[in-house]
Amino acid sequence: MISSDVIRGYNDTIILYLLLDGESYGYEISKNIKELSDGKYIMKETTLYSAFSRLESNGYIESFYGEESFGKRRTYYRITPNGLAYYKEKCEEWELTKDVINRFIKEWNV
Amino acid sequence: METIRNYLDNMFAGLPKTARVMDLKNNILSNMEEKYNELKSQGKSENEAIGIVISEFGNIEELVNELGIRKDGETASLPVVTREEVENYMTVKKTMGIQVGIGVFLCILGPALLILINHLLEKGIIANDLSSDTTGIPGVIILLVLVALAVGIFIYSGMNFERYQYMENGVQLPGSLEADLKSRYDAYYSTFNLKIIFSICLLVLSPITIFIANMMGEEYDVYGIVVLLLIVAIAVFMLIASGTVKESYDRLLKIGDYTTKHMEVHKKEDKVIGAVAAVVWPLAALVFLFCGFVYGLWYIAWIVFPITGILFGMFSAAYSIMASKEK
Chain A
33 MISSDVIRGY NDTIILYLLL DGESYGYEIS KNIKELSDGK YIMKETTLYS
83 AFSRLESNGY IESFYGEESF GKRRTYYRIT PNGLAYYKEK CEEWELTKDV
133 INRFIKEWNV
Chain B
38 METIRNYLDN MFAGLPKTAR VMDLKNNILS NMEEKYNELK SQGKSENEAI
88 GIVISEFGNI EELVNELGIR KDGETASLPV VTREEVENYM TVKKTMGIQV
138 GIGVFLCILG PALLILINHL LEKGIIANDL SSDTTGIPGV IILLVLVALA
188 VGIFIYSGMN FERYQYMENG VQLPGSLEAD LKSRYDAYYS TFNLKIIFSI
238 CLLVLSPITI FIANMMGEEY DVYGIVVLLL IVAIAVFMLI ASGTVKESYD
288 RLLKIGDYTT KHMEVHKKED KVIGAVAAVV WPLAALVFLF CGFVYGLWYI
338 AWIVFPITGI LFGMFSAAYS IMASKEK
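Order-wise, the sequence lines are chains A and B. So the first sequence is numbered by our numbering: it starts at 33 and just counts up by one. So the second sequence is numbered by our numbering: it starts at 38 and just counts up by one.
Bear in mind the hints are in silico, worked out from the structure with no lab data behind them. A few of these clues could be false.
[Said to hold, decoys possible] Subject to a maximum C-alpha distance of 20 Å in a straight line, what follows is the list of computed SDA-like cross-link-like pairs (lysine to any residue):
(1) Lys62(B) <-> Tyr42(A)
(2) Lys81(B) <-> Ile74(A)
(3) Lys63(A) <-> Ala315(B)
(4) Lys66(A) <-> Asp46(B)
(5) Lys308(B) <-> Asn206(B)
(6) Lys66(A) <-> Asn206(B)
(7) Lys76(A) <-> Asp46(B)
(8) Lys76(A) <-> Asn206(B)
(9) Lys81(B) <-> Asn63(B)
(10) Lys76(A) <-> Tyr73(B)
(11) Lys76(A) <-> Lys308(B)
(12) Lys77(B) <-> Pro53(B)
(13) Lys66(A) <-> Lys77(B)
(14) Lys76(A) <-> Ala315(B)
(15) Lys63(A) <-> Asn206(B)
(16) Lys305(B) <-> Ala315(B)
(17) Lys76(A) <-> Val316(B)
(18) Lys66(A) <-> Glu284(B)
(19) Lys62(B) <-> Tyr59(A)
(20) Lys66(A) <-> Ser78(B)
(21) Lys66(A) <-> Glu70(B)
(22) Lys76(A) <-> Val184(B)
(23) Lys76(A) <-> Ile91(B)
(24) Lys120(A) <-> Tyr42(A)
(25) Lys63(A) <-> Asn43(B)
(26) Lys122(A) <-> Asn74(B)
(27) Lys76(A) <-> Lys305(B)
Remember, predicted model here, so these are calculated numbers, not experimental data.
So here's chain A without its partners, still in its complex pose (with noise of 0.2 Å):
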């Protein structure tokens, strides 16, 4: 399990990205998040939820109302152009990031 202090700075890409190929909603974006990550990370509700809410004002995504069984009303999100800028943003930082910790990583070899 990842520490949520280490990944912090990544949610908002990581639920961009399942948005990437339509809309969703809460419970399958963390799901998903969880099998993708083989359940090596598990992004908590109120991460998931203030991540939402984020993303929303700062119009990377945009949510409404759809229709679902049991008769309850579902909030989905789906991305906006200034949403997969942004996304495509982050994917060169990480590479930057990604780069730069790599060079004070030390290989282990026990």
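Starting from the structure of chain A, add chain B where the hints point.
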């Protein structure tokens, strides 16, 4: 499932109930419920599923920071209470209402019995071998015993209530509990109104007993007063008992006299009115006992109490109006 809902209710209890926050809460709830259902269908036990869902909730502060919700000073410092605490508080408060009601009932019953017994002794209807010097004594003894009993009850119920004193200063209720209490309050309100109307009518009509007694003949005057006091005692008991229950709802739901805004004004008011009461009522009792013992005016000295009551009521009301104007 109920556990999850309660957990979330408690987590959100401290946040303002704006549309945005409620929306967020509902989203998180359906998220958690979906997760729970899936875990159950994977063969997890009820407890395991709930444990996992709750452990993956996270930290409410994260949401608070993100949403920029300012937990406004007052509400933030109010303690969040559980359903059990609230139920206990309401039970204790109700008992206290009845006990205080009985205490006050005894305090009014005292003078009534005093007058009755003095009259019976003076007329020699009972124990006519008592010398005329001592006829006043048995009534006073009964009066003092009843008052002592009442004071005992006041202290006892006050001590019982002490544990729940903190609930009086305003608390935060979990959402589902608040809705629950509101519907119970609505159901209670009509009964409360009926009781209040009934007791006020009793109070207003009570002087009729004096007229009736007077019509029956002058020697019945005393009985008229005694019955009047008994009716007043019953009415006051009902006012106090039902008023206390209503007060507990008002305080918990922060309505009526107990809205957050009101409370601040009231705290100052309560102090002043309380200080005046601490002087005025013992003074009234002093006048009552003095008139009785020194001048033997037992049959009329009780009038000191209703007069004090009315004057004190006027003072409190006037003071409240002045205080709220200043604000």
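- Task: Identify every previously stated hint that the structure contradicts and give their numbers, smallest first.
- Result: 1, 3, 4, 6, 8, 9, 11, 12, 14, 15, 17, 18, 22, 25, 26 and 27
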